Amino acid sequence: MSGLPAQRRRNGAARAILLTAALAVFMLPLAWTALAAIGLRANNNTRPPSWVGSPTLDYFREVGIAEPSFWQELATSTVSAACAAALTVTASLPAAYGLARSHFRGDRLLTQGFLVLASLPAMAYVIPLSDLMRRAQLVDTFAGVILTEAAVTAPLAIYVLHGALSQLSSEWEEAAWLDGAGLFRVIGQIVAPLAAPSIVATAIIVFVLDWNLLLVPLVLTAGEIKTIPLAMSDFFTFERELEWPTAAAALIISLVPVAVLVMVFHRVLDRFALNVPRVD
Amino acid sequence: MRLTRRDRLVLFAPVAVLLTGWLVLPALLGLFATFTTYAPFGAAIRFSGLDNYAAVLRDGEFGAAVRNIAVFTVVAVPLELAIGFALAYLLRRPIGGRWLWRVLLLVPWLVSPVANGVMWRFLFGSATGLIDFGLGWLGRPDIPSPVGDLRLALPATVAVEVWRIAPFVAFLVLPGLSSIPSERWEDATLNGASWTRKVLDVALPSVRPLLLAITMLLIGLSLGTFDGVLILTGGGPGTSTVTPALYSYKQAFGVNDWPTGAASAWLIAAGVIGAGLVYLRVARTGQSG
Chain A
1 MSGLPAQRRR NGAARAILLT AALAVFMLPL AWTALAAIGL RANNNTRPPS WVGSPTLDYF
61 REVGIAEPSF WQELATSTVS AACAAALTVT ASLPAAYGLA RSHFRGDRLL TQGFLVLASL
121 PAMAYVIPLS DLMRRAQLVD TFAGVILTEA AVTAPLAIYV LHGALSQLSS EWEEAAWLDG
181 AGLFRVIGQI VAPLAAPSIV ATAIIVFVLD WNLLLVPLVL TAGEIKTIPL AMSDFFTFER
241 ELEWPTAAAA LIISLVPVAV LVMVFHRVLD RFALNVPRVD
Chain B
1 MRLTRRDRLV LFAPVAVLLT GWLVLPALLG LFATFTTYAP FGAAIRFSGL DNYAAVLRDG
61 EFGAAVRNIA VFTVVAVPLE LAIGFALAYL LRRPIGGRWL WRVLLLVPWL VSPVANGVMW
121 RFLFGSATGL IDFGLGWLGR PDIPSPVGDL RLALPATVAV EVWRIAPFVA FLVLPGLSSI
181 PSERWEDATL NGASWTRKVL DVALPSVRPL LLAITMLLIG LSLGTFDGVL ILTGGGPGTS
241 TVTPALYSYK QAFGVNDWPT GAASAWLIAA GVIGAGLVYL RVARTGQSG
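Residue numbers (our numbering), protein chains in the order written: chain A, 1 to 280; chain B, 1 to 289.
No lab work stands behind these hints: they were computed from the structure. Honestly, I wouldn't trust all of these hints.
[Said to hold, decoys possible] Derived coverage of chain B by chain A (criterion: at least 3 residues anywhere in the stretch with Cβ under 8 Å from a Cβ of chain A; other residues may be distant):
#1 3-13
#2 113-127
#3 131-144
#4 221-227
[To be verified] Derived DEER-like restraints, expressed as beta-carbon distance ranges:
#5 Ser169(A) - Arg184(B): 22 to 32 Å
#6 Trp137(B) - Gly53(A): 11 to 21 Å
#7 Ile65(A) - Leu50(B): 45 to 55 Å
#8 Ser102(A) - Leu212(B): 47 to 57 Å
#9 Ile65(A) - Gly236(B): 38 to 48 Å
#10 Leu194(A) - Leu100(B): 24 to 34 Å
#11 Pro144(B) - Arg61(A): 27 to 37 Å
#12 Leu23(A) - Gly236(B): 57 to 67 Å
#13 Arg185(A) - Arg284(B): 28 to 38 Å
#14 Arg61(A) - Asp149(B): 30 to 40 Å
#15 Pro205(B) - Asp58(A): 28 to 38 Å
#16 Arg2(B) - Gln72(A): 42 to 52 Å
#17 Arg135(A) - Trp99(B): 43 to 53 Å
These figures come from a predicted structure and were not determined experimentally. C-beta: ideal position from N, C-alpha, C; glycine also.
Kindly generate the complete structure, drawing on both the sequences and the hints.
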């Protein structure tokens, strides 16, 4: 048995080395980009390759010159993703609760069906949707984009929230029912506060999905509502002249809001789990 | 429980409206339209049978797209699962600053597919890129960007996607692995189990349903690949990285061929629904066993 602690130490060291190597691989491209954004670029024409440039924030200013509406697009992205995420979670929570607290034939199949629906690529339905939205005069409006994004992410939100709610003990709810509380009182005052970490975590993940979505705004807008991915895609489809440091600066700016969000709510994100419906 | 039928109706109503109006109805309308000559600004609609599907299947570009996405999915999904599982396995026991690790695992996924395409275009490029920098240090000559190479463009696209998604898979698998009671690891260790046995006998059976669910999501993500290639390669060179979703988009919004765009989009949906049916079956057998 004396070999065990030594072996454990060796395993611990191996684990630390492997993890650090993996971290380096996954972070290197972003570090490279961040360096370029502050003006430090590799020069591969020399042997051995060297670094050129000195630290500067000029390229961040350059973004606003190359794409004058960039800051407005940042605001558009924030508002539409926040509204869509709020709508997704608001609509999904009652449904997830209904699924978690009732037993009917095929309830598990329905839950798993939401996961399959969540896997369905938006491409499968955005072409006809663009025509429906045009007829409903919702093209190029916040309402059109937000409602569509909410529908795209709702199945995943239901699936995740269902997992969180089914692990919640129903003791408090029973007490509230006995006190004569109504359905929405039970959800608003008992279920939502108890499941708050999972709800917030789901909202954040959905926010990131909406923030990065290209296809929905691409197909449903005509210039009025422009999100960051749409602006970037337009820029690089039509004029590829942009310098690397400026592109890198734009990229870093588009990453910072979601990165900050994830850092601030890291404790809550620990509660994000794809809980698979259990056998009973 | 106490929920009545009326309660359930009220609870499901908001999501039912949202999903019917913005997802199910358009999808079904699209399916119906693929059998007609329907177009957004067209005047008369005629029934055209399977003409649209025949047109799509005859198109060599769609054939290339199907081949590409098959390779993409078959290579990318297992790699994402394997790397993601390995990372999560390394992080399963408490480690200093595990929350920071879990946040860092999310970071590549926070980069949008579009921004990712922009980033890797430059990183693959020679003047200031990452690859030639490494080659330069090894004293090797520069290589042309793989995304411009007929044979390397698809592998490069897969690599970029794996870079973005594998850590996210680890983020999703980690809660499953860390919820395994520590006695089960201890028992395995005391019985002298090697790490491969621990993975096969302790870890995998516990997270099997979770891995299945993640696989489903990854297959859908893969089959719908659109913005990941739009900027990185634009489908090129030639048709070497075109995907069915990119093809649909180009047909519908590029050359205004609405029916073929919708028909090819429905073929993607059919693929995902097929995978979904398999998933529902496999997930169920796993539960009863």
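For each hint, the structure was consulted:
no.: 1; hint: 3-13; result: holds (count 6)
no.: 2; hint: 113-127; result: holds (count 13)
no.: 3; hint: 131-144; result: holds (count 6)
no.: 4; hint: 221-227; result: holds (count 5)
no.: 5; hint: Ser169(A) - Arg184(B): 22 to 32 Å; result: 25 Å, holds
no.: 6; hint: Trp137(B) - Gly53(A): 11 to 21 Å; result: 19 Å, holds
no.: 7; hint: Ile65(A) - Leu50(B): 45 to 55 Å; result: 53 Å, holds
no.: 8; hint: Ser102(A) - Leu212(B): 47 to 57 Å; result: 24 Å, violated
no.: 9; hint: Ile65(A) - Gly236(B): 38 to 48 Å; result: 30 Å, violated
no.: 10; hint: Leu194(A) - Leu100(B): 24 to 34 Å; result: 27 Å, holds
no.: 11; hint: Pro144(B) - Arg61(A): 27 to 37 Å; result: 33 Å, holds
no.: 12; hint: Leu23(A) - Gly236(B): 57 to 67 Å; result: 33 Å, violated
no.: 13; hint: Arg185(A) - Arg284(B): 28 to 38 Å; result: 36 Å, holds
no.: 14; hint: Arg61(A) - Asp149(B): 30 to 40 Å; result: 36 Å, holds
no.: 15; hint: Pro205(B) - Asp58(A): 28 to 38 Å; result: 56 Å, violated
no.: 16; hint: Arg2(B) - Gln72(A): 42 to 52 Å; result: 49 Å, holds
no.: 17; hint: Arg135(A) - Trp99(B): 43 to 53 Å; result: 48 Å, holds
The structure does not agree with the numbered hints 8, 9, 12, 15 stated previously, though it agrees with the rest.
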